[in-house]
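Same order as they appear, the protein sequences are chains V and G. Taken in order, the first sequence gives residues 357 to 513; the numbers are from my numbering. Taken in order, the second sequence gives residues 1424 to 2195; the numbers are from my numbering.
Treat the hints with care, as some may be off.
[Claimed, not checked] For each label pair, taking beta carbons as the anchor points, the in silico distance ranges come out as: (1) V:Lys-411 with G:Lys-1477: 42 to 48 Å; (2) V:Glu-398 with G:Glu-2182: 35 to 41 Å; (3) V:Thr-477 with G:Ser-1430: 34 to 40 Å; (4) V:Asp-508 with G:Thr-1997: 56 to 62 Å; (5) G:Glu-1571 with V:Phe-387: 47 to 53 Å; (6) V:Val-377 with G:Glu-1571: 43 to 49 Å; (7) G:Ser-1430 with V:Ser-438: 22 to 28 Å; (8) G:Glu-1539 with V:Ser-417: 16 to 22 Å.
[What the hints assert, rightly or not] No farther apart than 30 Å at their CA atoms in a straight line, the calculated lysine-lysine pairs in the DSSO-like style are these: (9) G:Lys-1698 with V:Lys-388; (10) G:Lys-1437 with G:Lys-1425; (11) G:Lys-2183 with V:Lys-482; (12) G:Lys-1879 with G:Lys-1861.
Just so you know, the hints here were simulated from the structure itself, not pulled from any lab data. Backbone N, C-alpha and C define an ideal beta-carbon position, used for all residues, glycine too.
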Amino acid sequence: MSKITFILNGKTVSVEGNPGVRLLDVLRNEFKLTGIKEGCGEGECGACAVLLDHKIVNSCSVVLANVDGHEITTIEGLKETSRYQVIRDSFGHAGAVQCGFCTPGMVIATESLLYDNPTPTEEDIKIGMSGNLCRCTGYQSIIEAVKKASEDGDGLW
Amino acid sequence: MKTVNKSFPSVDGKGIMMGRVAFTDDYALQNSLIVKILRSPHPYAKIKNIDASKALALAGVECVLTHKDFPRIPFTRAGQGYPEPSPHDKFILDEFVRYIGDEVAVVAATSNDICEEALSLIDVEYEVMDPVLNFEEAIDSSHILHPEPEIHEMFPIGFEPLRNIAASYHMHIGDVELSLKESDVVIQQSFYTQAQQHTALEPHTVNAQMDYQDRLVLYSSTQTPFHVRRILSQTLGIPLSKIRVIKPRVGGGFGGKQALHGEMFVSYITYKTKKPSKIVFTRKEVFESSYTRHPMRLDIKLGADKDGTLKAIDCYVLSDTGAYGEHALTVFMVAGSKVLPLYNKVDSVRFHGHVVYTNHTPAGAFRGYGAIQGNYALESAVDMLCRKLHMDPIEFRQKNMMKENETSPIFAIMGEGTEGTAMNMESCKLDYCVKRGKELINWDSIYPHKNVSREKIRSVGMAIAMQGSGIPYIDMGSAIIKLNDDGFYNLLIGATDIGQGSDTILAQIAAEELMTSLDKVIVYSSDTDLTPFDTGAYASSTTFISGNAVLKAAKKMKGLLIEEASKVLKCNVTETDFDGFTFKNTVNDEIINLRDLSNRLTYNEDQKQLVADSSYVGHKSPPPFMAGFIEILIDRETGEIEIENYVSVVDCGTPLNPKLAQGQVEGGIVQGLGMALYENVIISSKGKNITSDFLNYKVPTRMEIKKLVTEFAESYESSGPFGAKSVGEIGIDTPPAALANAIENALGVRMTELPMTPEKIIRALKAKEKRQ
Chain V
357 MSKITFILNG
367 KTVSVEGNPG
377 VRLLDVLRNE
387 FKLTGIKEGC
397 GEGECGACAV
407 LLDHKIVNSC
417 SVVLANVDGH
427 EITTIEGLKE
437 TSRYQVIRDS
447 FGHAGAVQCG
457 FCTPGMVIAT
467 ESLLYDNPTP
477 TEEDIKIGMS
487 GNLCRCTGYQ
497 SIIEAVKKAS
507 EDGDGLW
Chain G
1424 MKTVNKSFPS
1434 VDGKGIMMGR
1444 VAFTDDYALQ
1454 NSLIVKILRS
1464 PHPYAKIKNI
1474 DASKALALAG
1484 VECVLTHKDF
1494 PRIPFTRAGQ
1504 GYPEPSPHDK
1514 FILDEFVRYI
1524 GDEVAVVAAT
1534 SNDICEEALS
1544 LIDVEYEVMD
1554 PVLNFEEAID
1564 SSHILHPEPE
1574 IHEMFPIGFE
1584 PLRNIAASYH
1594 MHIGDVELSL
1604 KESDVVIQQS
1614 FYTQAQQHTA
1624 LEPHTVNAQM
1634 DYQDRLVLYS
1644 STQTPFHVRR
1654 ILSQTLGIPL
1664 SKIRVIKPRV
1674 GGGFGGKQAL
1684 HGEMFVSYIT
1694 YKTKKPSKIV
1704 FTRKEVFESS
1714 YTRHPMRLDI
1724 KLGADKDGTL
1734 KAIDCYVLSD
1744 TGAYGEHALT
1754 VFMVAGSKVL
1764 PLYNKVDSVR
1774 FHGHVVYTNH
1784 TPAGAFRGYG
1794 AIQGNYALES
1804 AVDMLCRKLH
1814 MDPIEFRQKN
1824 MMKENETSPI
1834 FAIMGEGTEG
1844 TAMNMESCKL
1854 DYCVKRGKEL
1864 INWDSIYPHK
1874 NVSREKIRSV
1884 GMAIAMQGSG
1894 IPYIDMGSAI
1904 IKLNDDGFYN
1914 LLIGATDIGQ
1924 GSDTILAQIA
1934 AEELMTSLDK
1944 VIVYSSDTDL
1954 TPFDTGAYAS
1964 STTFISGNAV
1974 LKAAKKMKGL
1984 LIEEASKVLK
1994 CNVTETDFDG
2004 FTFKNTVNDE
2014 IINLRDLSNR
2024 LTYNEDQKQL
2034 VADSSYVGHK
2044 SPPPFMAGFI
2054 EILIDRETGE
2064 IEIENYVSVV
2074 DCGTPLNPKL
2084 AQGQVEGGIV
2094 QGLGMALYEN
2104 VIISSKGKNI
2114 TSDFLNYKVP
2124 TRMEIKKLVT
2134 EFAESYESSG
2144 PFGAKSVGEI
2154 GIDTPPAALA
2164 NAIENALGVR
2174 MTELPMTPEK
2184 IIRALKAKEK
2194 RQ
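Chain V extracted, bound-state conformation (with noise of 0.2 Å):
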């Protein structure tokens, strides 16, 4: 057992356990964050996307040890800026939301790619989108949203 203390959504954290259990875990048990969801289990789907220090990681695939000392951004903490409602909005539009499940990981993939490169062309979004599954859409419709966010929200990222 050990303290692990992190900066969570904005707000610093500490959490008393087991160092290797995953950081999916931890969010969804400890701090009911219903946002990530598990799909896979093993790095491969997307769908637990977190932020950690603005970079994307599979949250199935980091143990709780590696956060410390580092930020994490979940959906739930994302949701209160600017530029997700900039995404929210061109997934809405673009019909980019089918089942949904894959979608919170994709929004962050969204972030986290904008973040890198606020104009990206349609390579660099199919590239930056490559690690994020979706079995619903077909994927022309996220692109189309990924590309409305940075037409849209020119100057946030």
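Following the hints, complete the assembly by docking chain G onto the known chain V.
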């Protein structure tokens, strides 16, 4: 039209996007027992003995269940209308295990880790038996999967378990042998389709709790909440009135959730222990132990005259249902019934075959439901025939395919497990779809191919498809609309939104008829206590079946409102105008608005609750149609394929929400391309699924497909709500055949086995060179 045929964002999208409590596991109680399943390491074995004493002794283990704990009641997990066309050939737990991943025992414990440890402490003694792993050798094999005497069919489906046959079927129109003999040109080919996994992003998930009335409340990630309730009651002996099934948001289904997977176990455990419990399948379990698409071999013969008149279609299908016969007959029949009528002018048709048991993961429902397999075979064969006839494949189709106001005798003969329903195609814009798709893909400038470089060839291919809109006289949907004070409505529907957006389009239908705005219709769906019955989300039924129920209920509500308003306005109902917000006495121009009327009915005068309800069962199943066109770049050295463009032109009647309809089509196209290109459940020679994670089972990511173009034909189906037909499955049907046709147009080789991987393409090229 104010609300329908408009692309409103889905009513639930915003909340889901920000991660609000929405999906099944989000509702699990924190103190739920964790349920896990011990699964068979053998493809076929008899359990001689199970010793769970060590597991039971472990602190935190609540119970261990084996086949001895359950009454021996055969049932089917398939979520279908009752009596089901699937044989009752499964026991909740059995002394036989029939595939690697089949259920042996079930553990409930206070934590995941304890559960895992308990599983490892269960000693099982197996008598390993010889499996049937080649579906072409299943019939009359000496290894019989289902010798048990209790299993049975619910009505005649050609069930012969002692021959490893789960179902069989035969139909013919005319004399197919004679027609083939009289044809100028005949082609014959066998096609193989593989097992595909649904890979909905949300794994199969269920949790249960006892409520304060001592009733079992289940949250289930299901496509069929009402079938789940019925099957649980029948198999566990819990009165139906004691079970409530709630379907929260579902993270994709595609047919994989048209069945019970963990529901029996958590229900039994919670009902017995009175403690909440939950199960979440691991991704490996989803791959190994849920469902796949039925692999098939389709032997097809076509006969035509020199002038390109198709005269005969003869098709024998052998389908592999795996260990249990779930959806066995119906998927098989759809491979014919929703494919063959495309060519309705033939003299004769024969469609027959068998669905066999093997020691594979059970096959089940999967978007397309047989039609994608049948379409691949027929639409590939049509191109082969055209090649032999030296005829343009588009001209051939235009000459022979279904047209508006025509019919096919197959509709009356083939239903899903039973006889079908005769119908005329009141809406069929297939001719437009073909013409428009040809323009959009730039067919004339590419067909059959263009050499781009020494290695690369650009080519095009196409296929046409049809599906259905629910199952006539079986699928029933219903709706209740309730008026509230302040003048807004609740729409209660049994229909099951699994991400396709049915909550949104059903609310749009109600809003359109009631002439109100979408935000005035509050949808609540899929709760067996609170919403009326619906068969569920399958068979492309919701827009058409549930949509018609909603429309009828909304019409009734409108009548009730006008009746009440006319009392207030002191005029006849025929003298009362209503625009959705205001009622007007057309004689004296006196008005009352809806808000005032509803407040008055709630609190002030002549108080009453206005409720309108309705149900709908289809009397036909108007098919959506589409033409799919693919443009590829193929490397003749490596066999690698790049998808440059996929054009879909779809006739689904009025698209009630064009954006959501486009999402259905494009999602289907990409899933179909996955099946055409590389998705493949691979079973080793020992019966083990060696593609049980996303590393080894590749699903499309956004890198592979360069462009999707989706358009809708102007079409109106008078039997559908506001002219709509369904659109959930049609998108998946054309990619395999369109791609196979494009490959032949590029390289002159015919791919007869899915998926069409680069290795197979190179092998086919080498074989062709050898022949030459």
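Going down the list of hints, with the structure as the test:
In this structure the supplied range 42 to 48 Å holds for Lys-411 (chain V) paired with Lys-1477 (chain G), their Cβ-Cβ distance being about 45 Å. Take Glu-398 (chain V) and Glu-2182 (chain G): their Cβ atoms lie about 26 Å apart, and the range 35 to 41 Å is violated. Our hint of 34 to 40 Å for Thr-477 (chain V) and Ser-1430 (chain G) is violated, since their Cβ atoms are close to 26 Å apart. Checked against the hint of 56 to 62 Å, the pair Asp-508 (chain V) and Thr-1997 (chain G) fails, with Cβ atoms roughly 50 Å apart.
Between Glu-1571 (chain G) and Phe-387 (chain V) the beta carbons are some 49 Å apart, a value that agrees with the proposed interval 47 to 53 Å. Separation of Val-377 (chain V) from Glu-1571 (chain G) is about 44 Å and conforms to the stated range, judged on CB atoms against 43 to 49 Å. Hint check: Ser-1430 (chain G) to Ser-438 (chain V), Cβ distance near 25 Å, so the stated range 22 to 28 Å holds. For Glu-1539 (chain G) and Ser-417 (chain V), the Cβ-Cβ distance of about 19 Å falls inside the hinted range of 16 to 22 Å, so the restraint holds.
About 21 Å separates the Cα atoms of Lys-1698 (chain G) and Lys-388 (chain V), which keeps this hinted pair within 30 Å; it holds. The suggested pairing of Lys-1437 (chain G) with Lys-1425 (chain G) holds, with an alpha-carbon distance near 22 Å, which does not exceed 30 Å. Proposed proximity of Lys-2183 (chain G) and Lys-482 (chain V) is supported: the alpha carbons are some 28 Å apart, at most 30 Å. For the proposed pair Lys-1879 (chain G) and Lys-1861 (chain G), the alpha carbon gap of about 22 Å is at most 30 Å, so the pair holds.
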